[in-house]
Amino acid sequence: MSVAPMNEHEREEIEVHEQRALGFWLYLMGDAAIFALLFATYAIMIPGTAGGPTGKQLFELDNAAIETVLLLVSSMTFGFASLQVKAGNRGAVLVWLAITFLLGAGFVFLEVREFAGMIAKGAGPDRSGFLSAFFTLVGTHGVHVTMGLIWIVVLGLQVALKGLTLPVASRLYRLGLFWHFLDIAWVGIFSIVYLPGLL
Amino acid sequence: MEHQTPHALRSYLIGFVLAVILSAVPFWLVYTHALPPHRTLLVIGIAAVLQVLVHLRFFLHINFTTTPRENILALVFTCLLLFIMVGGSFWIMFDLHSRMLI
Chain A
1 MSVAPMNEHE
11 REEIEVHEQR
21 ALGFWLYLMG
31 DAAIFALLFA
41 TYAIMIPGTA
51 GGPTGKQLFE
61 LDNAAIETVL
71 LLVSSMTFGF
81 ASLQVKAGNR
91 GAVLVWLAIT
101 FLLGAGFVFL
111 EVREFAGMIA
121 KGAGPDRSGF
131 LSAFFTLVGT
141 HGVHVTMGLI
151 WIVVLGLQVA
161 LKGLTLPVAS
171 RLYRLGLFWH
181 FLDIAWVGIF
191 SIVYLPGLL
Chain B
1 MEHQTPHALR
11 SYLIGFVLAV
21 ILSAVPFWLV
31 YTHALPPHRT
41 LLVIGIAAVL
51 QVLVHLRFFL
61 HINFTTTPRE
71 NILALVFTCL
81 LLFIMVGGSF
91 WIMFDLHSRM
101 LI
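Protein sequence lines correspond, in order, to chains A and B. All residue numbers for the first sequence refer to the numbering used here, where the first residue is 1 and numbers rise by one. All residue numbers for the second sequence refer to the numbering used here, where the first residue is 1 and numbers rise by one.
Think of the hints as simulated: they come from the structure by calculation, not from any bench.
Taking lysine to any residue and the SDA-like style, the derived pairs with C-alpha atoms no more than 20 Å apart in a straight line are:
| no. | chain 1 | residue 1 | chain 2 | residue 2 |
| --- | --- | --- | --- | --- |
| 1 | A | Lys56 | B | Trp28 |
| 2 | A | Lys56 | B | Thr32 |
| 3 | A | Lys86 | A | Leu155 |
| 4 | A | Lys86 | A | Ala160 |
| 5 | A | Lys56 | B | Leu29 |
| 6 | A | Lys86 | B | Tyr12 |
| 7 | A | Lys56 | B | Arg39 |
| 8 | A | Lys56 | B | Leu42 |
| 9 | A | Lys86 | B | Ile62 |
| 10 | A | Lys86 | B | His7 |
| 11 | A | Lys86 | B | Thr66 |
| 12 | A | Lys121 | A | Leu58 |
| 13 | A | Lys86 | B | Arg57 |
| 14 | A | Lys56 | A | Leu199 |
| 15 | A | Lys56 | B | Pro36 |
| 16 | A | Lys56 | B | His38 |
Bound conformation, chain B alone (with noise of 0.2 Å):
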């Protein structure tokens, strides 16, 4: 929990002007189609992470030293359960895909 409250004002503020932008651009692409498609879908997917990022560490205020530990295992542990699920449904239903449609 913050202490310092215009500390804590900055927080939200960075926070909002840099998902602004981690928005606005993927947006901008895809009204433009500045890029062709496949580089654009990949400016979207790490714009996405970033935002993501951003999110945890200036509106819900995750970091290293004042989150407890627990909260950040529990994020960790989760992260590895949806890399382990997604991932996992991509391999069985794509390998399925290339086997019985092609």
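Looking at chain A on its own, in the form it has when it is part of the complex (with noise of 0.2 Å):
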């Protein structure tokens, strides 16, 4: 926080934001251990299309490179307006949050339409183990995303009418460490899931 430390009380909630900081990455870190079971459950359940469809005939590249594009953006848009909250520049943070959202939200929007379409396809999570396994990991990433979605735009409602207080940048900057984790999980998923099934 760019604020020095004026009385007992901000500094009082600096620590308890450090505190909370630290918790927050805790559950980062068992939601990674989740991702990484999901991944090895994934890998293992690569061969078992009984029969159906494969990763090569379902997937596209150009909407996976589309996504990756839109959540690696919307990453360093985050990071913008994170540098806004510690210049106290209140207007900036919301049109960087904005940003962000329209990001996000387009990245959900590809994934949506994606699963739509294999489900339309008849490549529905109950086609094989291998959909199962796909759906079960790309959608808890997609979950996810759309939570934070919503996680941006309840700050960005307390940065419009409480402005940034203490409190108000502490939590934007666990919203912040959540959109940028985000941003490596789907870095694991064109890598191990679409890169490899379209080789």
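Now that you have both chains on their own, put them together as the hints suggest.
What follows is the structure, encoded as structure tokens:
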């Protein structure tokens, strides 16, 4: 935080912020364990197509590439929002949060469209073990991004209504950890699911 | 937490450029089939590991000076857990596979 601690109360607030940042970090490490196990399950289930379609027949490289770009740019724009939080620039924080939201929403839209297309082709999660693992892994990530979008809206409202107070800045910091973490999980998804699937 | 804003801005921009390169290379290889499949797989794996490190360093600002020791410990412990759980799953499942299906 750029604000220097001026009194006892603010120092306490900063201490609380640091404790919560650690607590949230521990949650993210637990989330990383969930994703790692879903990745392991997926890798083991790749051959389990039960005579149904394989990744090569279902995945679209263009779609995965656009999703990758959207999420990566959104990670950077969230970084810009964090910098404006430190600069105390309320309007700019709202603008960057809005841009991040739109990029994230674009990602979720592409993912939902991909899922709907696969289910319409009869390649839903009930078709094979491979597809169950695929929908569980990629869907879990999609649900995380959707939660992040809701969180961006809630904190955007807090920034607009309460301003960049210490508690609001502290919440934005944790949302930033969450958002950057989701991009790391996506690196795993395109490197383990889409790229090898289309090789 | 960072103090100097220009420095922090540079961190995000460097991270972004590196992440773009580390995503573009594996995608390009899969688009063009420029390398044989096993080599491409190797490049995908290396690029992914490097990109995760880039994200940790430039977006999450993990480093060995300002990041609290507890956070680093939790991260290292998680890596150990992931290695045991993922490595163990592969070990068991591939062993089972070779015993039952071949």
